[in-house]
Each structure stands twice: as C-alpha cells, then as structure tokens.
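The listed protein sequences correspond, in order, to chains A and B.
The numbers in numbering that gives the first Met the number 0 rise by one with no breaks, and the one at position 283 of the first sequence is 282.
The numbers in numbering that gives the first Met the number 0 rise by one with no breaks, and the one at position 116 of the second sequence is 115.
None of these hints come from the bench; they were simulated from the model.
Honestly, I wouldn't trust all of these hints.
Stated by the list, open to error - Quick look at which bits of chain B chain A covers, simulated, 3 or more residues with Cβ under 8 Å:
no.	segment
1	7–14
2	85–98
3	117–129
4	265–274
C-beta atoms are modelled at their ideal positions from N, C-alpha and C, and glycine is treated no differently.
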Amino acid sequence: MSASGFPKAGVVLSLDGLQALIDALAARGYQVLGPVEHDGAIGTGHIAGIADLPAGRTDRQEAGSYRLDDRDDGALFGYAVGPGSWKRHLHRPIETLFKVRRVGDELSFEPPREPPARTALLGVRSCELAAIAIQDRVFQGGRYVNTEYAARRANIFLVAVNCGDPASTCFCSSLNTGPRARRGYDIALTELVDGRHEFLAEPGSDSGAALLAYLPNRPATEADWQAADAVAAHAAAQIHRRLPAEGLKEALQQHPEHPHWEEVAARCLACANCTNVCPTCFCTTIDDHSDLDGHGAARVRRWDSCFNGDFSYVHGGAVRTQTRSRYRQWLTHKLANWWDQFGTSGCVGCGRCIAWCPAGIDLTVEATSIVDSISAEAKAHGVA
Amino acid sequence: MTVNPYLPLPYRVIAVRQDTPDTATVELRPVGAAIPEPAPGQFTMLYMLGVGEAPISVSGAPIEGAPLAQTLRGVGAVSKAIIRLQPGEELGVRGPYGTIWPVAEADGHDVLFIAGGLGLAPLRPAVRHVLANRERYGRVSLLYGTRSPQDILYRDELAMWRRMLDVQIEVTVDRAHRSWHGAVGVVTELIPRAGVDPSRTIAMVCGPEIMMRFSVQALQAAGMPCEHIYVSMERSMKCGVGLCGRCQFGPDFVCKQGAVMRYDRIAHIFTVREI
Ligand SMILES: Cc1cc2nc3c(=O)[nH]c(=O)nc-3n(C[C@H](O)[C@H](O)[C@H](O)COP(=O)(O)OP(=O)(O)OC[C@H]3O[C@@H](n4cnc5c(N)ncnc54)[C@H](O)[C@@H]3O)c2cc1C
Ligand code: SF4
Ligand code: SF4
Ligand code: FES
C-alpha cells in the first residue's frame with residue numbers, strides 16, 4: 000500500500016501522456032484549470048494543453064518578495080505556489096447567495112440555480128491538498144454547510160503535483176503537509192526531468208485509477224519509483240523554515256498580552272494581503288446589492304479579513320481597533336484556536352503570507368520568537 | 000442537497016410595540032414555513048430588503064402559539080428600518096441560533112438575573128420560563144439597570160412580576176429626575192444588597208460588555224463560583240452559523256458556543272482588551 004491508502008500503483012506518462020490526461024478530462028466534461036503565468040506570477044487559469052503551462056519557469060521567493068526566473072530543464076512544474084491559491088475556485092471571492100423580490104408586501108427568496116461546472120484542478124501541491132481538506136472541515140464538517148462550496152467541491156477532480164523545487168518560503172514539512180502528496184488527490188504526478196521528461200502518475204481514487212488506465216502509459220519500474228523518491232528527498236532537503244514543534248498553541252492562547260504583539264504591529268501594515276493569499280482563510284462579509292427599482296436585492300458574500308477595520312464592528316465601534324489586536328487575532332486563530340475549532344492547524348506551510356507581505360513579516364519567525372521568549376522565561380523561573 | 004443556511008423565511012409583521020423612545024418590539028408570524036421554536040437566549044438573523052441583516056435575540060415566548068417577538072433598539076440602518084415597519088409588511092427570518100440560558104441547569108437552584116439596558120430583552124424568555132415553572136426554583140431575583148427611567152423596558156410586565164410575592168425585582172437607573180423615586184446608581188451596586196446565597200445561585204447576566212464585566216466582578220466578590228455565572232456575548236455576526244468567522248471570541252464562535260456562555264469557559268479572555 001502507498002501512503003494514500005491506495006495500492007501502490009503507478010504508471011509513467013510521457014509529455015504526450017500528460018496532454019492525453021488533459022484531453023481526457025476535457026472529454027469527460029471537466030473544465031481544466033492549471034498553473035499559468037500572468038502579471039509576473041504563476042496563478043491558476045484555464046488550460047487547453049501542456050503548451051499553456053509555465054515551461055522552464057521557476058520562482059524565487061523570500062520574505063516580502065516573489066519573482067519569476069528561467070530554469071534550464073524545461074520543467075512544467077518547476078516552481079512552488081504563487082499568490083492565487085485554488086481556494087478561489089471552491090470558495091469564491093465574491094458570490095451571490097440568493098436574490099430577494101418584493102411584490103406588494105410579499106417577499107420571496109430565490110437561491111441561484113446554476114449547477115456547478117465539473118472542474119479539474121491540475122498542478123495542486125501537497126500543501127494545497129491539505130488546505131482543501133481544512134476548508135472541507137470548515138465549510139462542510141459542521142452542523143451548517145456552506146452549500147455553494149459543497150456543490151462545487153463534489154464536482155472537483157484533483158491532479159496533484161509533488162514538489163521538486165520548493166521556494167525558500169515553504170515550510171510544509173514542518174507541518175507534515177508536504178512536499179509529497181499523501182492523500183486527498185485523484186491522481187498525483189511527479190515530474191521526472193533527470194535527463195528525460197516524464198511523469199510518474201499515482202492514482203488516489205477509483206476515478207483517478209480509471210482515468211490513468213485509459214491513458215497511453217507504461218507501468219512504473221523500480222527505477223521510476225526511485226527517481227520519484229529522489230525528487231521528494233531533494234525537495235524536503237531544500238526546506239529550512241519551520242514552525243515551533245511544541246508549545247505553540249499554549250504560547251499563543253495564554254499570552255494575549257505578550258509584548259511581541261506590539262513589536263509586530265509596528266511593522267504590520269494591516270493590508271490584509273496575508274489573508275487574501277492564504278489558502279485556508281475563510282472569513283467573509285455579506286452585502287445587499289439593491290436592484291434599481293428598490294423592490295429587489297441580491298445578497299452577496301465576499302472574502303473579508305480580520306485585518307480590516309470594520310471586520311469586528313459592532314454598534315458603537317470596532318472591537319479590534321489596533322493593528323496589534325488584529326495581528327494577534329490572525330496568528331492566534333491560524334496556529335492555535337483553529338485546533339479547538341476544527342481539530343487541525345489553520346496553516347499548511349505554503350509560505351504565501353511570507354512572500355506577499357509587503358513588510359516581509361514571517362509568521363514562522365514571529366511565532367518562534369513568542370514561543371522562545373516564553374520558554375526562556377519559564378526556564379528562568381525554574382518551571383521548564 | 001443540504002439546505003442553504005443563509006436563506007431566510009418570509010415573516011409578516013403583526014404588531015410593533017414602542018417600548019421606549021428608541022426601542023420597539025416587533026411581533027412576527029411566518030408567511031409559510033416557520034423556523035423551529037426558539038429556546039430562551041437564542042437569536043435570529045432578521046433581514047430587511049435592500050438594507051441588510053442583524054442578529055437579534057428572541058425576547059418573546061416561550062408560550063405555545065405566541066408570535067415571534069424581538070426587541071430592537073434603533074441604532075443603525077437595519078435596526079431602524081425594522082422598528083419602522085408597519086403591520087402587514089414582511090421581513091426575512093432565519094434561525095434560531097446559539098446557546099440557551101441555563102434554565103434547565105438552574106432547576107433546584109436560586110436564580111439571579113442581572114440585566115443592563117437592552118439586556119433585559121434576551122433575558123425575558125428565561126425570566127418567563129422560570130416564573131412559569133416557579134415551583135422548580137428557589138429564590139428568584141431580577142436586578143435591572145437602565146440609563147434613565149424612560150429607558151425601562153416592559154414596564155407592565157415588570158409591574159406584574161413585582162406583584163408576585165415570591166420574586167425579588169430591583170430596578171435602578173443611572174440618573175433621574177426628581178419624579179423618579181426608585182434607586183439611582185449602576186446595577187452592580189444592587190448585587191451585594193440582593194442577599195443571594197452564592198453557593199446555591201445561578202446568575203444570568205446580559206447587558207453591555209462593561210456592565211457584564213463589573214457584574215461578574217461583584218458576583219465573584221460575593222463568593223459566586225465561575226461555573227454559576229452565565230453571560231451573553233456580542234460580536235460582529237454575518238452568518239450566525241459558524242461560516243463567516245466574524246464572531247470569534249478566543250477559540251469560540253459566539254454564534255455557536257454563545258451567545259450565552261458559562262463564565263468559567265471564557266474567564267481567561269473575558270477581560271483581555273480587543274480580543
Ligand atoms: C447575539 C446577538 C444578539 C443581539 N440581540 C439584540 C437585540 O435583541 N436587540 C438589539 O437591538 N440588538 C441586538 N444585538 C445587536 C444588534 O445586532 C446590532 O445592534 C445590529 O447589528 C445593528 O445593526 P444596524 O444595521 O441597525 O446598525 P449598524 O451599527 O449600522 O450596523 C449594521 C452593520 O453594518 C456594518 N457597519 C455599520 N456601520 C459601520 C461602520 N462604521 N464601519 C464598519 N461597518 C459598519 C456592521 O458590520 C454592522 O453589522 C445583538 C447582537 C448579537 C451579536
Ligand atoms: S498562514 Fe501563511 S503559510 Fe500558513 S497556510 Fe496561510 S498563507 Fe500559507
Ligand atoms: S509548501 Fe511544500 S507542498 Fe507547498 S509548494 Fe512549498 S514545497 Fe510544495
Ligand atoms: S456569525 Fe458567522 S461565524 Fe459566527
């Protein structure tokens with residue numbers, strides 16, 4: 000058995016085989032989305048074939064910086080994650096919940112009846128699969144379900160790509176969410192560019208297995224598996240950032256008045272970039288969009304952020320007026336409260352919030368600094 | 000397919016009763032399907048076409064066949080529009096959501112209600128429940144404070160409760176004209192004088208956060224254990240069902256683990272500023 004719980008089975012696809020995969024998905028009625036380069040970054044968009052993928056491109060990411068560069072092996076997936084996560088295809092940035100009409104005094108409420116399109120996401124990284132699993136818990140794991148999310152989720156086909164070239168901002172290995180996909184995919188690909196250009200493809204579901212069987216392929220040999228293991232080992236060795244392994248939840252939850260929150264607030268611009276790029280952040284607001292005749296309206300939900308001033312607004316003013324309280328809310332929610340709420344961390348280690356923070360604030364550094372100062376203090380008081 | 004939790008049901012306004020100059024109670028009946036019967040302490044999301052939605056506690060019932068009653072202070076767009084509705088007009092209702100006052104846990108105990116201002120509205124269903132089942136409880140007291148005599152809610156009902164011989168009702172106002180002959184001062188000052196036995200009393204506290212903070216302090220000073228104190232929290236709410244993330248209060252969602260919360264569960268963050 001492989002780690003996915005599916006029998007360890009694999010086939011090798013050539014570049015033509017990968018094209019055949021995209022064609023087969025399209026033929027089965029899926030719109031296929033994959034990584035595409037636009038506006039100086041690698042995001043997600045419609046792809047008709049492998050020619051649309053960012054061949055021979057890679058990314059260089061640091062705290063507060065992201066830029067694209069060339070690579071000489073022609074790899075199609077030789078980069079980590081860009082600013083646009085797959086979240087937007089499941090949990091839409093803006094979405095109409097229902098429409099209301101008034102005739103006389105009578106109100107009627109009509110949910111939109113557009114059936115969700117079958118969508119294949121190709122090139123989903125291991126950390127992204129973990130993020131989708133987290134949003135599954137948030138949106139469909141409780142008593143009330145985000146029905147728009149659930150409808151789309153049920154129509155998603157996931158083609159994962161195991162990472163070969165993590166960015167410096169990646170820290171999935173510290174959260175056990177990557178760099179190699181373990182579960183939650185229909186098919187997982189490992190790109191092999193060791194003097195050839197092929198893909199080891201592993202099924203993670205019955206529909207993934209059925210699709211692979213249909214494609215032109217050859218069975219994977221022991222050498223192919225070793226090559227894929229080498230890619231994973233090389234990737235894991237490149238990851239250096241990490242979150243504190245112990246005491247993180249307690250440190251954040253029990254020290255809301257820690258002086259470090261003030262210190263971060265001096266740098267944080269409260270711009271909400273981190274929550275926008277984060278693949279697990281789920282907070283929303285709802286607006287009324289009135290029809291011009293005044294007799295109808297649409298209720299429209301859109302992404303919101305705990306960094307926005309009106310996010311905590313109750314009559315009389317915002318609860319969190321200071322940047323310090325907003326950053327504290329974000330980090331404490333993400334790394335600590337999430338455990339109580341959903342039985343998992345809210346962070347998958349994708350590093351997006353580090354690269355896309357204009358002030359270069361790195362949550363791994365901030366969290367470590369708080370945990371370290373608390374354990375140092377505990378030691379000084381002899382309770383370590 | 001699971002139901003869309005954001006979808007309201009149309010309700011028709013039966014009556015709007017002006018309680019104070021800025022506060023009114025709307026009585027509503029379902030046009031078609033009804034929401035499940037709310038329990039004391041629960042709230043609904045009320046939706047006004049073209050304006051928006053607001054979380055509002057149920058202030059009426061729990062009486063079979065009674066209309067859904069909710070008391071609103073007109074402070075902003077939604078609340079002002081709702082209290083201006085005329086009988087026959089419709090609005091949207093979804094819910095009921097949230098936790099309930101510990102009227103079951105208080106069985107066999109003394110009960111102390113402490114209300115500040117509009118906080119009497121969410122408490123009224125619990126007071127009514129306790130009084131309707133009077134034999135199950137020990138001493139019952141209600142301490143109620145408002146800004147001024149004209150802000151006192153439900154005057155007729157308060158007078159009726161006061162006529163019951165086995166209920167202690169104390170009302171105080173922050174400031175008043177000479178025409179007011181009742182107590183003047185904040186509601187927390189009534190706590191030491193109420194003569195409650197802290198070990199056998201369950202306290203239910205509702206009002207502005209600052210008033211609840213001082214009330215909890217006074218109750219603790221009187222020796223009441225944290226597990227006997229319940230408060231009702233207010234946070235920004237857009238969904239009421241745990242999906243929008245806005246009502247977070249530490250690890251809790253006020254819409255799910257609240258609004259009524261047992262104090263020992265939140266004591267560690269209750270006094271943290273801007274949490
Ligand atoms: C569990 C619970 C129970 C409640 N029960 C009651 C009750 O029984 N009776 C009662 O009267 N009230 C109650 N409230 C409070 C009530 O929900 C608010 O007063 C109500 O939302 C006000 O809505 P509004 O449109 O009238 O006022 P506004 O203050 O105008 O707020 C409307 C919305 O617009 C947004 N908004 C408005 N102004 C701003 C601004 N300056 N900046 C950013 N955003 C803004 C806010 O997000 C707000 O939700 C309760 C609240 C909670 C959480
Ligand atoms: S908090 Fe940052 S590193 Fe963690 S999942 Fe969100 S964007 Fe990625
Ligand atoms: S965090 Fe891990 S799984 Fe995600 S892109 Fe980086 S290396 Fe890949
Ligand atoms: S009100 Fe939306 S999560 Fe509580």
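Hint check:
Coverage of the segment 7–14 of chain B by chain A holds. Counting CB-CB distances below 8 Å, 4 residues qualify, and the rule asks for three or more. Counting residues of the segment 85–98 of chain B whose C-beta lies closer than 8 Å to any C-beta of chain A gives 5; at least three are required, and the coverage claim holds. Interface restraint, the segment 117–129 of chain B with chain A: violated (0 residues with C-beta to C-beta distance below 8 Å; minimum three). Coverage of the segment 265–274 of chain B by chain A holds. Counting CB-CB distances below 8 Å, 6 residues qualify, and the rule asks for three or more.
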